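Asks: Position chain B against the provided structure of chain A, taking the given hints into account.
So the protein sequences, as listed, match chains A and B. At the far end of the first sequence sits residue 222, using full-length UniProt numbering, and the numbering has no gaps. At the far end of the second sequence sits residue 222, using full-length UniProt numbering, and the numbering has no gaps.
I should point out that these hints are in silico values taken from the structure, not numbers from a laboratory. It is possible that some hints are incorrect.
Put simply, identical chains are the same to the list, so a pair is met inside one copy or across any two.
Listed next, the in silico EDC-like pairs over lysine to aspartate or glutamate satisfying Cα-Cα at most 16 angstroms (straight line) [what the hints assert, rightly or not]:
(1) 29 x 48
(2) 54 x 18
(3) 54 x 215
(4) 162 x 117
(5) 61 x 215
(6) 62 x 212
(7) 61 x 8
(8) 54 x 212
(9) 161 x 115
What you are looking at is a predicted structure, and each value in this text was computed from that prediction instead of being measured.
2 protein chains.
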Amino acid sequence: MHEIFLDELKKLNTRFMELGVLVNDLIDKGTRSFVDHDKKIAQEMIAEDKEVAKEAIKIEKKALSLMALQQPVATDFRVVISILKATTDLERIGENANSIAVETVRVKGNPRIADVETIISQMTHQVRTMLIQVLTAYVQEDEQTARAMVSGHQEVYADYKKARKLIIDGVEKDPNAAVASASYFVIIRLLERISDHIVNIASWVIYKTSGELFELMESGKK
Amino acid sequence: MHEIFLDELKKLNTRFMELGVLVNDLIDKGTRSFVDHDKKIAQEMIAEDKEVAKEAIKIEKKALSLMALQQPVATDFRVVISILKATTDLERIGENANSIAVETVRVKGNPRIADVETIISQMTHQVRTMLIQVLTAYVQEDEQTARAMVSGHQEVYADYKKARKLIIDGVEKDPNAAVASASYFVIIRLLERISDHIVNIASWVIYKTSGELFELMESGKK
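Isolated chain A, as found in the complex (with noise of 0.2 angstroms):
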């Protein structure tokens, strides 16, 4: 019985992750797209993400089924929570990437600010690094890893303050970038977003490991 219960339970972890990388995907395009104002790959992605919620939901299912029938204990019964919390987590990671592919659509041919579209590259490849890396941690149950987060946070928080400062000085130097303005503060918050959930993960990750569950990160200092 219990040797089906660890297949079973091996088997939603492979779903977990293949989610995580499918999102760590929809992240890149979804900034792509953005960047390069290319509506086909904004377009697609709009479809993709409801594969996401749909995977995610059967995740849940699976793992509240799982948790119902076998009731497991001890490490079984983290491992299962974990899922069960970090899903929502990951869910909630695509649709911020959507949300990033919805703004190409919004911001059509109107004047841009290129210190800001860099830096939102910069804090693109910085939260993918960090899903990969929290992604490998929860596999690996790394402990120390999945606490590094919270420093990588602080480095996409750093970022999103200085974007921040870059539209505003760009929307008072050219009026004419406020349509676009609208469209940054939306992402790079959506970014900044991302990192949380990231750290949500590694929350996650530690609680599966040694049964500790309290918040990384203060939520005043976010």
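Replies: Okay, now just chain B, sitting in the frame of chain A:
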């Protein structure tokens, strides 16, 4: 044994509701501090936000220990799971309210756009009404009200789009409003996110009541 469990569950439900009411106050305080330029409330809030995070962790810990020690089944299982998941949404709503207060501190004495502040107040009223409705639906296991949250969210989203346009027009007319516009974009997004979390809570009300697990809202439509 089961009576003790039910008693614990009742207490947990009460704490969940209390957290909901606290968070609802924070939404009001956050927007009020911003619209009235009241830095004192804003600073108070940033302290209270930590309380929300602490209480959410306590509720989650309690739910996890009930789950692990009592291994509830059927309805009891669903009640514990719904608290475990919906508490995260309440906590996030609290964080979002706090982020609104942070904008109060940021915007300082810069020129503002009156129409935008009116619509922000409207949106705040709407999400607070929705939050009370969903909390009540949670207690009463009222699936119909829970489902109605989707149309509530659609109204909030319509206001979000309207506000976005008003901000862009305002900055185009007066580039000195660029600093305030950064805060406006953040705040309307936060209010829309709060509404989104309320729809998530509604999904957990439905799960708790009927055992059905699905996304109330297709994220492509958000």
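Asks: Each hint: holds or not?
Replies: These are the hints, each one checked on the structure:
1. 29 x 48: within (11 angstroms within a copy, 38 angstroms between copies)
2. 54 x 18: The answer is within: 13 angstroms in one copy meets 16 angstroms, while 32 angstroms across copies does not.
3. 54 x 215: between (28 angstroms within a copy, 8 angstroms between copies)
4. 162 x 117: Classified as within: same-chain Cα gap 12 angstroms, cross-chain 25 angstroms, threshold 16 angstroms.
5. 61 x 215: Intra 25 angstroms, inter 12 angstroms, cutoff 16 angstroms: inter-copy only.
6. 62 x 212: between (24 angstroms within a copy, 13 angstroms between copies)
7. 61 x 8: Cα proximity of residue 61 and residue 8: one copy only (13 angstroms, versus 25 angstroms across).
8. 54 x 212: Between copies only: 14 angstroms across, 30 angstroms inside.
9. 161 x 115: Within one copy, since 14 angstroms is at most 16 angstroms while 26 angstroms is not.
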